[in-house]
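J.: Each chain, written out:
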Amino acid sequence: MSIAATTENKPAAPAIETIKIKVDGKEIAVPKTMPDPISGKPIPTTMIQACALATIDVPHYCYHPKLPVAGNCRMCLVEFGTPAMGPDRKPVMNPDGTPKIAKSPRPAIACATPVSPGMEIYTTTPAVKQMREGVLEFLLINHPLDCPICDQAGECKLQEYSVDYGQATSRFVEEKVHKPKRVDLGPRIVLDDERCILCTRCIRFSKDIVGDDALGIVNRGSYNTLSAYPGKAFDNNYTLNTVDICPVGALTSKDFRFKMRVWFLKETKSVCTSCATGCSIVIGSREEKIYRYEPRENDAVNSTWMCDYGRLNYKWINREDRLTDVKIGQAQTTWSNVLKQIADKLAKAQSGSVAIVASARQTTEELFLLAKLAKKFNAITDSIPRTGEGDKLLLSTDRNPNSNGAKLTGIASAQMGANLPKIAEGIRNGSIKTLIVFGEDMTKHGIGADLLGKLDNLIVSDILPNKTTEAATYLLPGCAHAEKRGSFVNGKGRVQRFLKAIEPRGEARPEWEFLHELVHNVTGQNGYATIEGLFNQMAKEIPAFNGVTWAALGDTGVTIQI
Amino acid sequence: MPEEFRLILKYADQPGYTPDMECYLRHGGYEALKKALAIQPKTLPDGKTMSGPEQIREDVKVSGLRGRGGAGFSCGLKWSFVDRKSGKPIYLICNADESEPGTFKDRQILHKDPHQMIEGMIISCFANDVKLAYIYIRGEFPEGARILNRALKEAREKNFLGKNILGSGYDLEIHVHRGAGAYICGEETGLIESLEGKRAYPRIKPPYFPAILGLYMCPTIVNNVETLCHVKHVVMMGGAEYAKIGTPNNTGTRIVSVSGQVKKPGYYEVEVGKATMGQLINDFAGGLFEGRKLKAVIPGGSSAKVFKAGEKFKLKKKGPDGKDIEHEVDMLDLPYDFDSLMAAGSMSGSGAIIVMDDSTDIVEALANLSEFYAHESCGQCTPCREGSLWMSKTLHRMTHGQGRKQDADYLLKIADNIPGGRTICAFGEACSWPVQSFVGKFKDEFIAKGEADEAKGEADEAKRAAASSGAGPTAELKIAASPNH
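Taken in order, these protein sequences are the chains called D and C.
1 is the number of the first residue of the first sequence in my numbering; add one for each residue after it.
1001 is the number of the first residue of the second sequence in my numbering; add one for each residue after it.
Careful: at least some of the hints might be erroneous.
With the C-beta cut set under 7 Å, the calculated list includes, among others, these residues of chain D facing chain C [what the hints assert, rightly or not]:
hint, residue
1, G71
2, N72
3, C73
4, R74
5, R106
6, P107
7, G134
8, V135
9, L139
10, I141
11, E174
12, R220
13, S222
Just so you know, the hints here were simulated from the structure itself, not pulled from any lab data.
Virtual Cβ for every residue (Gly too), placed ideally from N, Cα, C.
Start from the sequences, fold in the hints, and give me the full structure.
T.: Structure representation (structure tokens):
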């Protein structure tokens, strides 16, 4: 069959109509329309989008690609021209045959002005520079200029653009406008109205993305003041996103403020573990301590948002009582010793006498290795389902980040948790003598201390102490996701990888590392000493992954059929 | 000297003329509406038919009627921009939010002859296939709102409004909506937001041109009170006949509000362009008080650029051979029309002339205007929000003994960063034009004030230094308390 024939059999892809424009003399073809950030419907491409496609930066405060356009900051004003039309409605030509451009006498805001064929956008003219300088000066005259004590310092758009468009000295000699300070907007947000530049990003986000019309502006003119609806707390589950999108230091996170200067934070690309959505995040850490999570743009998963519940769910990683020692019974030991002993014990185990309960909070690679052990011993396996109230925006009812990983590796069935009573019964009737538990407290899931006490071998890996780790015959301290690399498969089949932000605590090791050793010791199969190799092997063995590689996952992941 | 030409205010001030239906009908009221509804479809030479409403729209174009609200934009052209293919309802809003300082013409119509406006409005709605219209009236006009509501009730009773108006099959309802008291509610997109129950933040254009995405995101026409009255007369006399009133491209009459230091402040309806600024001030408004000299005139409401007494302009005029001849015109000899004032660098705006004689402290006058604009800026976009208050604070300082020599240039630099498309709406121009023109044209007075304050400050400082045997505190620029907005 010819290639042409193959193509004909496919439904014709809709042609993306493009229009040619020039940005600062550089010709570029841009799509005629781009999706509306809210409805997704095609709407005319704007100058700022076209400039972005031409990799030309247009400074802005109020514009945000994921929010409706407001056009109020006026920082993105540009000059432009369009092909001149003669009285006959035909383009007027220059002597050299190029179309004559009629320059608009008035500037336009790049964020709201659609591009048209033949348009020329000028972003570097003296007039444009002067307008940007004017806007920046206006924004700063009533700004408190308290950068030394401002949390936004280092990631503030006022500071950023001051480098390009700021004045060395202020000519403002009047008294500044004073507005409310330290406004308690809600349980997680503090507002400094004097820093606010009234861009309304937070208002639009809350109203149009979350559907909570909680914020607004009161008073008038330069006295305009951002406020929550009187008597109502700004307390939806997405409030902290307003801190991210606030271009200045007006909205601050109660959790983060005054904790750390942002320029000291190391940024690591990761994935949120609080539900099956798996929002892409950036972990901010310094000297092996995590200070904050921030959402990272991933249009296949979370746009640029995350929920407050997930964002603040990091403190357990910094806890003082983390498991840091390798133990046999109550005695500390070494990894080489414990792995050898476990391998010896397992080698003697009868087929069917081993059960494995792995957590759907573990990485797919770890679950894959546990599945290999399970196969070797014909073990019964399962995971623990975890659910909660979800919402329409991001929060999933499935609170495990990797339920699909558990299912794809065969650790859990479609009915996650269905095997747990069978495992309990197996222990009770003595047919199961060895239980391997990763990251779960079995005493909360139907296998109490009495049953655990009946086992010959209780092999436990976890991060924090609990009743199960207390009963362990072999205790293997594991890692939080922030301390290792790995991947999750989210509720919609998005395979995403995450990177290591901080070092593991004490003797703790990433589970995939010691599991790979154990699998090698027990099965004799060659394992993979790198996460890349391990993932790629897994993707070959599990059909759903269709051979996708670790490298191909990139920063935003790959969607597989589940 | 030209006489008043009372078209809109023909009856309003006649003794015994009342704002009720009976009186209006006795004076030929609603005849234009009957005429409009009765217009038969016309077959054009190319075989196409032109409906009655289309013929009215065409007639309004022919009449040359320009908007009386401020911008002087062609009414016919504005109507032609309306998106008639969207499938959405078309709304018409009467902008009765008259609030430009110096302007007091619409309220004469609203209070004295409401049915004239309502008739013009019904005809305009019929011409544009509008089924629902609003009168957005300034919150400070409670009496006007009461009169309008009564007039609308009367119109409904006579079936000039409501279902199947006069058996024509045309339905229309008009509601009165009272504003909540902000100047910006008169800006047409701010007005639309306010009407929708929101904060009157003007909308960005593009994309929110009222003719396409107006009230409730439907095509919308916003016309001034006086403009809508003129539509009635265009229909009554025919566009071509109407266009004979006034001067070419500046047709019809205008109600000019003259205020300030004149003997007879008031409103005068004149043919557009037939009277000069000087005639309006000196003849109609009775001229200046004895012994006073003219200092400055704001020709079109407080936001228009000021003219200085004796200021001369080079204007172009068509000669007998059709060629442009340049000729010099004194400010007072400018014909009071849209185009001449624009050519002279200002505007006729809302038709309000504010006269200042030589007793006026020009710095105080500008401080007064700037305080108004700082108070009324909606604060949505940066240059207007911050610039308007900055200018007002500076002028407040200057009028409270804390001026500086450099304040004239300081003010101009602030003002230059506001207008010319930098803001969402024309308020940017409204707040910066007075500063640009006052300071630009009376710069010596601003500098003199600053110098006097500085000299006084230095003298006081020297006195203090002497009193404390030379060990006084270092001079410090004290900022006067800010104006209380």
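J.: Take the hints in turn and mark each one as holding or not.
T.: The hints, checked one at a time:
The beta carbon of D/G71 comes within 4 Å of a beta carbon in chain C, closer than 7 Å, and the hint placing it at the interface holds. Restraint check, D/N72 versus chain C: the minimum CB separation of about 5 Å is within 7 Å; hint holds. At its closest, the beta carbon of D/C73 sits 6 Å from a beta carbon of chain C; the interface hint therefore holds under the 7 Å criterion. Satisfaction of the interface hint for D/R74 is found here, the shortest Cβ-Cβ separation to chain C being roughly 5 Å, below the 7 Å cut-off.
Checking D/R106 against chain C: minimum C-beta separation of about 3 Å stays under 7 Å; hint holds. Contact between D/P107 and chain C, as hinted, is supported at the beta carbon level, the nearest pair being about 5 Å apart and thus within 7 Å. The criterion of a C-beta within 7 Å of any C-beta in chain C is met by D/G134, whose closest approach is roughly 3 Å, and the hint holds. Because the smallest distance between the Cβ of D/V135 and any Cβ of chain C comes to about 5 Å, under 7 Å, the interface hint for this residue holds.
The closest approach between the C-beta of D/L139 and any C-beta of chain C is roughly 6 Å, which is under the 7 Å cut-off, so the hint is satisfied. Hint status for D/I141: holds, given a least beta-carbon distance of 6 Å to chain C, under 7 Å. Of the supplied interface hints, the one on D/E174 holds, with its beta-carbon coming within about 4 Å of a beta-carbon of chain C, less than 7 Å. At a threshold of 7 Å, the smallest CB-CB gap from D/R220 to chain C is about 6 Å, leaving the interface hint in force.
Restraint check, D/S222 versus chain C: the minimum CB separation of about 4 Å is within 7 Å; hint holds.
The structure meets every hint from the earlier list without exception.
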